[in-house]
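J.: Residues per chain, in single letters:
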Amino acid sequence: MAYIKVDNTKVNKEVAQKLIKICPFNAFEYDDEMLSINANCRICKMCVRKGPEGVCTLIEEERKKIDKTQYKGILVYIEQLNGKAHPVSFELIGKAKELAQVSKDPVFALVIGNQVEHLANEALTYGVDKVYLYDSPLYEHFNVERYTNVVEACFNKHKFSTILLGSTPQGRSFGPRMAARLRTGLTADCTKLEMDTNGDLLQIRPAFGGNIMAKIRTTNHRPQMATVRYKIFKKPEAVKPFGQLIKEDVKGINDHTFIEILEVLNKPKSKDISESEILICVGRAFKKQADLQLIEPLRKRLNADVACTRPLIENGWFDARHQVGLSGRTVKPKLIINIGISGAVHYIEGMKDAEMIITINNDPNNKLFNISHYSILGDLYEVLPRLNDLLEGENHV
Amino acid sequence: MNIMVCIKQVPASSEVKIDPVTGNLIRDGKNVKLNPFDLFALEAAFQINEQIGGSIHALTMGPDSAIRVLKEAIYMGADKGTVISDRKFAGADVLATAYTISQMIDHIGNFDLVICGKQTTDGDTAQVGPEIAENLTIPHVPYVKEILEVYEDYVVVRSGYDTHDEIVKVTLPALLTIEKDANTPRLPSYKRKKAFKDSDINIIRFNDLKDQTLEHYGLLGSPTQVEEMFSPDTKLDSKAIKGDAKTMAKGLFDVLKESQFI
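Chains as they are written, first to last, in this note's numbering: chain D, 26 to 422; chain F, 15 to 276.
Think of the hints as simulated: they come from the structure by calculation, not from any bench.
In this text, a Cβ means the ideal position worked out from N, Cα and C, and glycines have one as well.
A portion of the hints provided could be inaccurate.
Said to hold, decoys possible - SDA-like, lysine to any residue: derived pairs with alpha carbons at most 25 Å apart: (1) K260/F / D414/D; (2) K97/D / Q239/F; (3) K264/F / P410/D; (4) K75/D / L227/D.
Claimed, not checked - What the simulated footprint calls covered on chain D by chain F, stretch by stretch (three residues with Cβ under 8 Å from a Cβ of chain F suffice, anywhere in the stretch; the number is not a length): (5) 59-65; (6) 187-197; (7) 201-212; (8) 218-224; (9) 273-280; (10) 411-419.
Taking the hints into account, I'd like the entire structure generated from these sequences.
T.: Listed below in structure tokens is the structure:
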């Protein structure tokens with residue numbers, strides 16, 4: 026096992042206090058002049074690296090190394106619903122092709138469904154080397170048990186080095202199931218992916234729900250797996266297909282399931298803010314719902330959609346589909362105007378890739394200002410009425 | 015039915031910073047609370063057993079001090095609480111955590127339903143629930159918004175996706191993850207608090223588990239390793255529009271006009 030060893034001969038009260046302060050997980054306990062580590066320890070090695078020298082050491086037994094050369098290729102799972110692919114799948118193909126240039130890997134796509142050959146062909150137009158198609162009436166509707174069996178069969182046959190899938194509601198249920206089946210790691214909601222020349226995928230995601238990014242590596246397991254949200258990466262250009270479509274035999278893949286879908290209820294189609302080109306996003310600084318009228322002239326003039334932060338959902342001013350952020354939608358509009366938003370990291374992660382960002386806020390330390398192209402340090406209750414005057418004045422010209 | 019509810023103790027605040035001088039993580043680890051998503055999981059369990067009867071067992075993995083959140087679950091209405099805690103589990107990622115919890119469930123045995131919150135506020139991955147189900151080789155239904163029917167050998171639930179809802183019948187034993195706001199969680203009751211203040215919480219250690227292979231737990235059992243932590247890069251070409259409210263409004267107006275948005 027791996028653990029942190031504490032050399033108590035070097036520990037005094039001062040050293041103990043220093044280490045207690047360094048540990049982000051509150052794992053040190055100092056009793057009766059003995060410093061010990063409890064189960065809070067996440068082995069982040071902060072105490073080894075930053076603590077007084079020689080007090081904490083990492084004790085790690087060598088593990089058996091796997092032969093990574095046996096695994097080849099980056100597989101992208103093409104998520105589909107009723108024969109239509111989720112666009113995140115193609116964004117992932119684009120990213121996979123970039124990564125593949127570094128590791129000299131081929132890029133593959135996996136399509137599972139009923140009568141979905143057209144999706145395999147669509148994947149080929151984004152320049153994948155091979156598409157594996159598992160087409161059967163059994164796979165008409167997404168079933169996590171059956172689909173996991175397919176991925177297992179496909180992996181055992183082709184030994185991919187990497188599997189990427191969208192961090193959609195389906196992907197967030199399917200990905201962990203696959204990872205546990207294949208006994209490997211899965212990093213959720215990566216905001217950045219890089220490839221090491223040795224073929225290790227560097228998975229970067231916000232950690233601790235805070236302002237920290239973690240770079241994660243799957244050191245000794247294959248496949249290495251990651252999920253990525255919609256609109257984090259760009260959709261690639263279509264190319265002249267050169268890849269190969271491989272129709273896989275579904276016979277012999279276990280089709281038993283304990284899950285039966287009795288009914289699918291489609292939600293009334295409302296416009297999704299993740300598709301919006303121009304967004305006005307409002308936050309907690311609006312004191313009451315009626316005050317939202319202040320943005321109306323600007324909204325009309327820009328023909329913008331309106332989105333919001335979590336507190337306004339909790340107030341019941343908007344339904345949850347309007348929320349921007351890691352627990353809401355990731356948006357990538359041409360223009361986003363943030364008005365009265367505190368700028369928590371979860372919000373910023375959900376909109377930072379907008380092409381133009383304008384922020385109106387009266388807090389000079391607002392983190393949104395760090396990512397905004399235009400910053401307006403002012404009170405929305407003062408700025409918006411003046412802006413509305415200008416917009417109205419123009420109408421009268 | 016016998017229901018196990020997996021809950022977690024999380025930091026009360028998720029604010030974390032990197033000290034620009036020392037590079038240390040600055041985190042308030044002292045204040046902890048029950049993961050808010052788990053309240054909906056507990057409430058779902060209470061409502062099921064109000065219909066059909068049975069026992070509810072709250073489970074957690076973490077330090078011994080996580081007993082606190084188990085007590086909270088008991089004050090709300092759970093019958094029992096068990097914590098699995100051992101230094102051998104330190105450094106566990108999703109795979110190792112889910113494996114440890116499934117070993118724990120296996121050790122306790124005799125369950126019809128495992129219920130989890132949709133995600134935690136600290137890890138924020140929503141992955142541990144489905145991985146536990148896979149390890150136990152039972153089906154799982156995610157994002158449950160409503161429990162529609164409860165029988166001894168199956169349940170019917172409404173599961174919410176982005177674009178649609180599914181009405182799903184799942185054979186037991188099974189695992190459900192409960193969507194936020196699926197119900198209104200009850201508060202811990204004062205009466206239960208008085209009655210169960212000294213109730214025993216079971217503690218399970220590594221040695222109690224069936225699988226004694228150390229390589230399946232903790233850091234060694236974790237395929238993913240955190241290599242580096244850093245502050246996000248926030249450099250860009252940025253311009254401040256300054257002045258009184260009127261000047262700023264004019265500045266904004268001009269920018270929108272120049273960029274041809276208006």
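J.: For each hint, tell me whether it holds in the structure or not.
T.: Against the structure, the hints come out as follows:
no. : hint            : result
1   : K260/F / D414/D : 9 Å, holds
2   : K97/D / Q239/F  : 21 Å, holds
3   : K264/F / P410/D : 11 Å, holds
4   : K75/D / L227/D  : 24 Å, holds
5   : 59-65           : holds (count 4)
6   : 187-197         : holds (count 4)
7   : 201-212         : holds (count 10)
8   : 218-224         : violated (count 0)
9   : 273-280         : violated (count 0)
10  : 411-419         : holds (count 5)
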